[in-house]
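So in our numbering, spot 72 of the sequence shown is number 584, and the numbers just go up one at a time.
Take the hints with a grain of salt, since some may be wrong.
Label pairs and their in silico Cβ distance ranges [what the hints assert, rightly or not]:
id : residue 1 : residue 2 : range
1  : Ala-544   : Asp-802   : 39 to 49 Å
2  : Thr-834   : Gly-630   : 38 to 48 Å
3  : Ala-587   : Arg-756   : 33 to 43 Å
These are calculated hints, taken from the structure and not from any lab test. Glycine is no exception: its CB is placed at the ideal position from the N, C-alpha and C atoms.
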Amino acid sequence: MAEGTSPGRGSVAVCGEALVDLVEQEPGTFRALPGGSPANVAVGLSRLDVPAELLARLSADGFGTLLRTHLEDNAVGLHRAVDATQPTTLAVVSTDPHGVASYDFRYEGTADWQWQPGELPRTPPPGVVAVHTGSLALTVEPGASVLTDWLRAVRDWGTATISLDPNIRPGFDSGPAAALRRVERQVALADVVKVSEEDLAWLLPGTDPADVAMRWRALGPALVVVTLGGTGCLAVGPDDRLIRRPAVRVEVADTVGAGDAFTAGLLAGLHRAGMLGARDGGALDTLRPDLLADLLDEAGLVAALTCERAGANPPTRAEVRTAAVARERTFVDFRR
Numbered sequence: 513m514a515e516g517t518s519p520g521r522g523s524v525a526v527c528g529e530a531l532v533d534l535v536e537q538e539p540g541t542f543r544a545l546p547g548g549s550p551a552n553v554a555v556g557l558s559r560l561d562v563p564a565e566l567l568a569r570l571s572a573d574g575f576g577t578l579l580r581t582h583l584e585d586n587a588v589g590l591h592r593a594v595d596a597t598q599p600t601t602l603a604v605v606s607t608d609p610h611g612v613a614s615y616d617f618r619y620e621g622t623a624d625w626q627w628q629p630g631e632l633p634r635t636p637p638p639g640v641v642a643v644h645t646g647s648l649a650l651t652v653e654p655g656a657s658v659l660t661d662w663l664r665a666v667r668d669w670g671t672a673t674i675s676l677d678p679n680i681r682p683g684f685d686s687g688p689a690a691a692l693r694r695v696e697r698q699v700a701l702a703d704v705v706k707v708s709e710e711d712l713a714w715l716l717p718g719t720d721p722a723d724v725a726m727r728w729r730a731l732g733p734a735l736v737v738v739t740l741g742g743t744g745c746l747a748v749g750p751d752d753r754l755i756r757r758p759a760v761r762v763e764v765a766d767t768v769g770a771g772d773a774f775t776a777g778l779l780a781g782l783h784r785a786g787m788l789g790a791r792d793g794g795a796l797d798t799l800r801p802d803l804l805a806d807l808l809d810e811a812g813l814v815a816a817l818t819c820e821r822a823g824a825n826p827p828t829r830a831e832v833r834t835a836a837v838a839r840e841r842t843f844v845d846f847r848r
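Kindly produce the complete structure, drawing on both the sequences and the hints.
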């Protein structure tokens with residue numbers, strides 16, 4: 513496939529939170545960095561040369577200005593973003609000796625969760641071939657219900673692939689049972705689902721991730737992917753075959769934004785392969801196992817390169833290509 517952004521394949525609209533990570537540098541000292549799972553995915557897509565926009569509620573405070581500047585600098589479209597009067601959500605980020613991140617959120621009354629129905633498109637956005645959402649945006653009320661209703665409208669329009677990453681934060685749900693009911697209602701609205709093994713261990717403890725992938729595939733999505741941390745990922749596609757792919761080995765700085773980078777890499781591959789768009793009779797239903805394996809490998813490399821750097825700092829497409837060549841790998845991105 514040709515280099516650069518594929519013409520005529522439309523854009524990806526990402527909907528959800530854009531927050532600020534306060535990353536601990538040393539005890540009592542923090543650095544403010546742009547974050548939020550949906551915002552990270554939008555930036556990741558744009559760096560992979562996929563036209564992306566973010567539907568978010570951006571505060572007018574100093575942190576909101578930081579977010580807006582970061583998104584604009586990364587060519588993420590903000591023409592449908594909402595100018596919010598509430599403050600920016602903050603996440604205090606700590607990492608353990610292995611670079612694994614944990615988060616403590618300051619979120620009550622903040623901008624991200626105050627969605628009103630009139631703030632979201634009421635008709636199919638022109639040129640948008642996929643809508644991605646998930647994480648806290650589909651968890652924290654009152655906004656979560658508004659966004660879920662909007663996803664139903666997007667599904668009814670049938671013009672765009674719906675992508676979902678539940679990205680569970682246990683402290684925001686009353687318990688695994690209630691969270692599972694909510695998540696599976698959302699899974700049933702989606703065409704592509706990416707979920708982590710860590711999420712599933714909390715939602716369905718003791719259940720084989722492959723069994724969950726099969727179960728969720730039966731709810732309606734054409735593709736369900738489970739990331740397995742350092743051991744790689746597995747997926748179930750339209751033909752219901754289980755595919756496993758190994759992880760890319762790198763020196764880990766931290767895991768902040770790694771899952772979001774994987775999602776961006778997966779959607780970027782689907783975009784360039786022409787797999788995103790209209791739901792009925794869509795190309796996603798024809799996704800072959802060999803192509804899926806390539807897409808998973810590429811997404812895994814995007815995530816691995818993110819882990820090599822501190823913070824949510826996904827690679828560009830050129831960096832992915834260089835890393836692929838160095839590892840003697842071929843991905844769908846680079847085929848002609």
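These are the hints, each one checked on the structure:
no.	hint	in the structure
1	Ala-544 to Asp-802: 39 to 49 Å	43 Å, holds
2	Thr-834 to Gly-630: 38 to 48 Å	45 Å, holds
3	Ala-587 to Arg-756: 33 to 43 Å	34 Å, holds
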